[in-house]
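Q: Work the whole structure out from these sequences, hints included.
There are 2 protein chains.
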Amino acid sequence: MSNPASSLEEAPPQETPLQAKWTYEPAGTRHLGIIDLGSNTARLVIFGYVPGQYFRIEDVVRERVRLSEGMGESGVLRAEPIKRALATLKLFKLHCDTEGVADIICVATAATRDAENGASFLARVQAETGLTPRILSGEEEAYYGYLAAVNSLTFGDGVVIDIGGGSVEITQVAERRLLRGQSLPLGAVRLTERFLKSDPVKKGEFNALVDYLRAQLGQVEGLGGAALVGMGGTIRALAKMDRASQNRPDHLHGHRLTRATVDRLVDQVRALPVARRSNLTGLSADRADVILGGAVGLQTIMALGGFDACTVSNQGIREGLFYERFLAPADPPLLDDIREFGVQNVMRLYGGNRGHFQRTRDLALSLFDQLTELHGYGQFERDVLGAAAWLHDVGVSVDYWEHHLHSAYIILNVPLPGWSPREIALIALLARNHRKGGISLEGLEGALEAGDADRVEQLASLLRLAEYLERGKTGVVEAVRVHQGSDWVQIEALTNGDASIEIWEANRNADLFHKAFARTVEIVEGVA
Amino acid sequence: MSNPASSLEEAPPQETPLQAKWTYEPAGTRHLGIIDLGSNTARLVIFGYVPGQYFRIEDVVRERVRLSEGMGESGVLRAEPIKRALATLKLFKLHCDTEGVADIICVATAATRDAENGASFLARVQAETGLTPRILSGEEEAYYGYLAAVNSLTFGDGVVIDIGGGSVEITQVAERRLLRGQSLPLGAVRLTERFLKSDPVKKGEFNALVDYLRAQLGQVEGLGGAALVGMGGTIRALAKMDRASQNRPDHLHGHRLTRATVDRLVDQVRALPVARRSNLTGLSADRADVILGGAVGLQTIMALGGFDACTVSNQGIREGLFYERFLAPADPPLLDDIREFGVQNVMRLYGGNRGHFQRTRDLALSLFDQLTELHGYGQFERDVLGAAAWLHDVGVSVDYWEHHLHSAYIILNVPLPGWSPREIALIALLARNHRKGGISLEGLEGALEAGDADRVEQLASLLRLAEYLERGKTGVVEAVRVHQGSDWVQIEALTNGDASIEIWEANRNADLFHKAFARTVEIVEGVA
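Protein chains in written order, with the numbering used here: chain Z, 145 to 672; chain G, 145 to 672.
Rather than coming from a laboratory, the hints here were simulated on the basis of the structure.
Incorrect hints may appear among the rest.
Copies of one chain are not kept apart here, so a pair can be met inside one copy or by any two copies together.
Stated by the list, open to error - Simulated pairs of lysine to aspartate or glutamate, EDC-like, Cα-Cα distance not exceeding 20 Å:
1. K659 to E517
2. K384 to D543
3. K384 to E319
4. K580 to D430
5. K341 to D433
6. K341 to D411
A: Quick look at the structure:
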């Protein structure tokens, strides 16, 4: 007798490379490869996306090409770096071919831009790899960094900087629009090769670097403002070092690097010979030699601009190039509401019954609104509750059993740009506690603030009631009307059919509400 | 200017309910709802599946109908339980309708089977809900429980028991085939109503129950063997109570309930009045009154059969019914290799580049095989390494960044039937450590045995090398040939093209191998 299970290893018929992947993406997902040949590293990022609706990073390959090595002030790309770059780009192209990604954007930045043999290098790239790279001008580099920042962080006014291997881009932003962007040849590799020739760094070399940066950056107009956002390898490395020392579980993206921290890290790195720097947690051997050049650049910008902190963006020109495609034909290509988009993006990946989540959310927010006098919360808590209503079942994808735990893990780890670590912890805790039993804070106390245990309890009790009123996922409870007495609450469930089980279950599980609000609660049936 | 992002909330055109779910399932996934109307609880489970290849539980709704309440020995279903059952089944049907699940299997077991008004009850079910329930005979109940057990646990010989509310099924299994299955009217609700009428339970009542069970179960032929597998609500509850007291992180499925534990739990529950029993962690209020009747049944079977332990199955007749459909037309519907199926099943959900995983696995296992004299490991370790090669990137679904951590979480939490807690911890640790840096054991030491830290280090070093040799995901390294000296190892990478980057990266990241095996290692190019 044939057992279908014995054919497990056979691929479905007529498979293309993409079909060979049993994927879990939404239907109609497209794929785009973005290759960025920088002065220090070359990166390939493969995005899966549905235009305007959903996207995810599927794969990243990063190689330390150090294309600008040995350029000095000559403006000439040297033979060995060119050889490495060509081998890397061939690998990236072959990788895309193997994965069935035909749509590729390839850009080259400072080193290639400034090289007198840049054009011939790119001609070789085209001939030997089939890729057609586009050189980004300094202003374009600044533009794409800006796009990434404004589409992934909630700030509207300030300065965006990108410290790369060859160049530094500085962009002024007002009301989320780009005012002015420029590129300066002050990248980490370039400065290291020019100024920091000894190992360990000599005091005189260091001072010469500082003076040079002050002079160059001092000429930048409008260097100041409400917020400083930083991206690029140097800044990501500094953030990793900071997070490692604090043992923080939160995301790199959105991390705040204070001025005091940057000063401390500069002093720490400066005192060590290169070989010992990579002992510092968060600093890879790849970057240990050049980080000082970049870090002093950041330090100088913060001092000149009067910035107390730099918010780190994990997204950079690759994401900027992606957003341009993703939101086309919008101009400028800006997401209206990055926080809402982030939540919807996660939901689109994890799927499930969207109607149920919508109805649960509507009921929960209705309870929230009608009970405002009782809880006294505002928009902050309402946003958290709404997001939790959308996301509380994403963990079913791991396993139905204990899915509240899996949902909490996913919420804590999935990209949710624009939400603070505290908000993400609260949303995760509402998901963790949406089913039954007492409240657990899951070891997340470090991300919370005073009063948040009560917040979790009260908001979770509303989410729980909403969830039970939607137990059958049929929409039988269309709305809720809240009545209050001195020490009691009555919730009228307005139904369009027989909701006896929903109401019975809601009453049976009203204990958390009772504990959270110190009110007895009765859920009764009404007619919609 | 129009911004596509503003149309986020709009559903794609021409949506059916299923398309309304932006799902992450493999293309061609079907959906099946299975409704099980037991004597104690009624359950709806919705499966998503691709026949023979992949499946997942998408949703579960459980209601405590207590259909057999008040039946006594009358054989008559009473009015209130019937009313509850009809309301519940209507909710289940409406739930399936709302989710677009048209394919429904509905079965009824002991209470309905034994009732003189069972047929008229089912006629009402059909008339009022549209469901067409099928009464399972005792032998069929035993058969489906057996199917679930042999398709989800690695045992070939022994006894499978299912302790439900109305009946207990006992099945003898030899070489994974069903020898003999029967159903006895000894379910937890039935015995409680007949024997345990006082609260707290009187000594005389308890002894009468024990004597009755010994007499009834003593008549069962062939009650003994290599393994005892148990399923059903009572056994799951006992396992939850045991796990809670040990603070164990591992899965319910596959949990071993020792005889000493069962005896202890019986004594513990017996001493408490019903109202205080649900203070015991793991015991829900729903079950507190009837658990003793079921637990004494398990205790008696273990004593009569000479079983030291009972392995808990989280899967039961619902999964058995599902496997019959899933593996059709196979007869009997048995998975060939449940461990391999489990791994493939997880991979099919999480997708990714299957060819890359296959090649990484082939390289890792080739290194393992060629280095056997050096590490001295066997099939156990080889299986763990192979599974880790398949699953190490599942975490990319959560976020590309830090995906090794997400992979470890998923592996620890996703259903992987047939793998022991120690194996799952080892696989998760290989995924956790497949990229770079030193070995982390992630707080999983409790699941490991002596020597496992070395195992993780050595196996992870092989996985890491294989991963780097597949860095471009292009298959350029087709095979590896290992040469050994007294204190060195040379790995010849047999390539079909330019693998300079793969080999360079492998050499750069060979430090873990060096540490793990106390050998220097060089990776060189050869021609395939």
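Q: If a hint holds in the structure, say so; if it does not, say that too.
A: Status of the hints after comparison with the structure:
no.: 1; hint: K659 to E517; verdict: within (17 Å within a copy, 63 Å between copies)
no.: 2; hint: K384 to D543; verdict: between (32 Å within a copy, 17 Å between copies)
no.: 3; hint: K384 to E319; verdict: neither (30 Å within a copy, 55 Å between copies)
no.: 4; hint: K580 to D430; verdict: between (49 Å within a copy, 13 Å between copies)
no.: 5; hint: K341 to D433; verdict: within (10 Å within a copy, 79 Å between copies)
no.: 6; hint: K341 to D411; verdict: within (17 Å within a copy, 77 Å between copies)
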